[in-house]
Amino acid sequence: MNLIDFTEAAQRLKPQLYSHAFHFTRDEDDAKDLLQETLMKGVRFCHRFDNGTNLKGWLYVIMKNTFYNSILKSKRRSEVISSEELDSPNLMLSSTKNLSEGKFAIEDINKAMSALRQEYRMAFQRYFEGYKYEEIAGELNIPLGTVKTYIFQARTELKKYLKMYRSS
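Numbering that gives the first Met the number 0 applies: residue 0 is where the sequence shown begins, and numbers increase by one.
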């Protein structure tokens with residue numbers, strides 16, 4: 000499907016897709032954002048859409064995956080620090096120690112990432128950013144199985160390189 004046909008068809012489905020987005024988010028602004036992100040991904044990957052299949056269903060799956068990925072990302076980011084931890088006298092010592100240890104860890108992670116083969120690094124980085132295997136395959140224009148292999152290989156090599164950080 001070409002971009003113009005896809006855009007016209009998606010435009011007709013906007014009200015129905017918004018309804019699904021609102022069902023997921025229960026908030027008008029969040030629903031609009033989810034709809035916009037879904038349509039942007041749809042446009043980005045419209046060349047992968049097979050003519051004759053259900054466009055609404057295809058966009059719905061993109062929306063659902065986008066919504067679930069955003070929930071997972073927000074859960075990872077929302078670690079709450081209690082007020083007791085903030086009042087701790089050891090907080091300054093702990094933060095200084097963690098900062099220096101963290102700096103070395105980040106340097107080691109960057110070295111490990113740069114040591115990976117480029118195709119492993121690209122696939123792993125996209126996966127780490129929250130992209131689904133199918134999205135990575137589409138973006139890199141490689142088969143789904145190859146994406147999974149690249150990510151597995153990257154994990155294996157990173158584990159070897161960073162084994163000093165594994166807890167016993």
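Hints were generated in silico from the structure; no laboratory data involved.
Errors might be hidden in some of the hints.
[Said to hold, decoys possible] Simulated DEER-style distance windows between Cβ atoms:
hint, residue 1, residue 2, range
1, P14, L139, 16 to 22 Å
2, E138, K162, 43 to 49 Å
3, P14, N64, 20 to 26 Å
4, T6, E106, 43 to 49 Å
5, V42, Y67, 39 to 45 Å
6, F127, K63, 34 to 40 Å
7, K158, L71, 17 to 23 Å
8, Y17, E128, 34 to 40 Å
9, R43, K72, 24 to 30 Å
10, Q124, K13, 43 to 49 Å
11, A114, N1, 37 to 43 Å
[Claimed, not checked] Simulated pairs of lysine-lysine, DSSO-like, Cα-Cα distance not exceeding 27 Å:
hint, residue 1, residue 2
12, K63, K74
13, K55, K31
14, K147, K74
15, K158, K72
This structure is a prediction, so every number in the text was calculated from the model and none was measured.
A virtual CB, placed ideally from N, CA and C, is assigned to each residue, including glycine.
Hint check against the structure, violated hint numbers in rising order: Hints 1, 2, 5, 6, 8, 9, 10 are the ones this structure does not satisfy, whereas the remaining hints hold.
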